[in-house]
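Peer 1: For reference, the chains in residue letters:
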Amino acid sequence: GQNIDQPTEMTATEGAIVQINCTYQTSGFNGLFWYQQHAGEAPTFLSYNVLDGLEEKGRFSSFLSRSKGYSYLLLKELQMKDSASYLCAVIKAAGNKLTFGGGTRVLVKP
Amino acid sequence: SQTIHQWPATLVQPVGSPLSLECTVEGTSNPNLYWYRQAAGRGLQLLFYSVGIGQISSEVPQNLSASRPQDRQFILSSKKLLLSDSGFYLCAWSEYSNQPQHFGDGTRLSIL
Chain B
5 GQNIDQPTEM
15 TATEGAIVQI
25 NCTYQTSGFN
35 GLFWYQQHAG
45 EAPTFLSYNV
55 LDGLEEKGRF
65 SSFLSRSKGY
75 SYLLLKELQM
85 KDSASYLCAV
95 IKAAGNKLTF
105 GGGTRVLVKP
Chain Z
9 SQTIHQWPAT
19 LVQPVGSPLS
29 LECTVEGTSN
39 PNLYWYRQAA
49 GRGLQLLFYS
59 VGIGQISSEV
69 PQNLSASRPQ
79 DRQFILSSKK
89 LLLSDSGFYL
99 CAWSEYSNQP
109 QHFGDGTRLS
119 IL
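If you read the sequences in order, they're chains B and Z.
Residues 5 to 114, numbered by the numbering used here, are exactly what the first sequence covers, in order.
Residues 9 to 120, numbered by the numbering used here, are exactly what the second sequence covers, in order.
Hint data in this document are derived by calculation from the structure and do not stem from the laboratory.
Predicted model, so just to flag it, every value in this text is computed and none were measured.
No residue lacks a Cβ here, since even glycine has one placed at the ideal position from N, Cα and C.
Treat the hints loosely; a few may be bogus.
Said to hold, decoys possible - Here are some chain Z residues the structure puts well away from chain B; computed CB gaps all over 10 Å:
(1) S25
(2) K88
(3) Q109
Claimed, not checked - Subject to a maximum C-alpha distance of 25 Å in a straight line, what follows is the list of computed SDA-like cross-link-like pairs (lysine to any residue):
(4) B/K96 with Z/S94
(5) B/K85 with B/A43
(6) B/K101 with Z/S58
(7) B/K101 with Z/V23
Said to hold, decoys possible - Ranges between beta-carbon positions, derived for each pair:
(8) Z/A48 with B/K85: 20 to 28 Å
(9) B/I21 with Z/P26: 44 to 52 Å
(10) Z/S28 with B/Q23: 41 to 49 Å
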């Protein structure tokens, strides 16, 4: 099976930086996804890492280390609208499905 | 561009009643299709996925079923709903298995 762990909740200040960690244990790793989900809404795709290293997309960056089974999502210059849950999900090589972590709820305060 | 439609947005059903949720995708052919359920404050649980017409894989035993009668149509059904079936149901599609999944707006199902 797959174990995906991420913190339950984080609080940060507007304009600051927050790093959301995700660790996973899986056989046949084939990629890691990050999604953003505002309360009551559907998840929206943020980033995809399949090779080690950092992927940057504007204020959001995602890092992957396959040897450590570790990823993080970095949110810079936090805005109030960034208050949401952030979901880490892993896909196996031999399969058609994503396994999601429980999500990290980020609260941005003024 | 591709779009995914899911309906209804909210649904209140009595225990023991049947269920049918529909999801359609536009702008792509032969997509992978998925049904998820999300309990309040919890992560997403994959219920079913389909890689083609008539091909359904079930991930968890339950009283739900799924069907794919057309290439871009995915239906979630139940003959008799249980209280535990309450939740937020999400349909998603992807181009291939290792590509990002894109979600519909979801159906919030309440069982009374």
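Peer 1: Now tell me if each hint is right for this structure.
Peer 2: Hint-by-hint comparison with the structure:
1. S25: Non-interface label on Z/S25 holds, nearest chain B Cβ at 24 Å vs cutoff 10 Å.
2. K88: Holds, since 27 Å exceeds 10 Å.
3. Q109: violated, 6 Å
4. B/K96 with Z/S94: violated, 29 Å
5. B/K85 with B/A43: This hinted pair holds, its Cα atoms lying about 11 Å apart.
6. B/K101 with Z/S58: holds, 10 Å
7. B/K101 with Z/V23: violated, 30 Å
8. Z/A48 with B/K85: 20 to 28 Å: holds, 23 Å
9. B/I21 with Z/P26: 44 to 52 Å: holds, 49 Å
10. Z/S28 with B/Q23: 41 to 49 Å: 43 Å Cβ-Cβ, so the 41 to 49 Å window holds.
The structure fails to meet hints 3, 4 and 7 from the earlier list, while all remaining hints are met.
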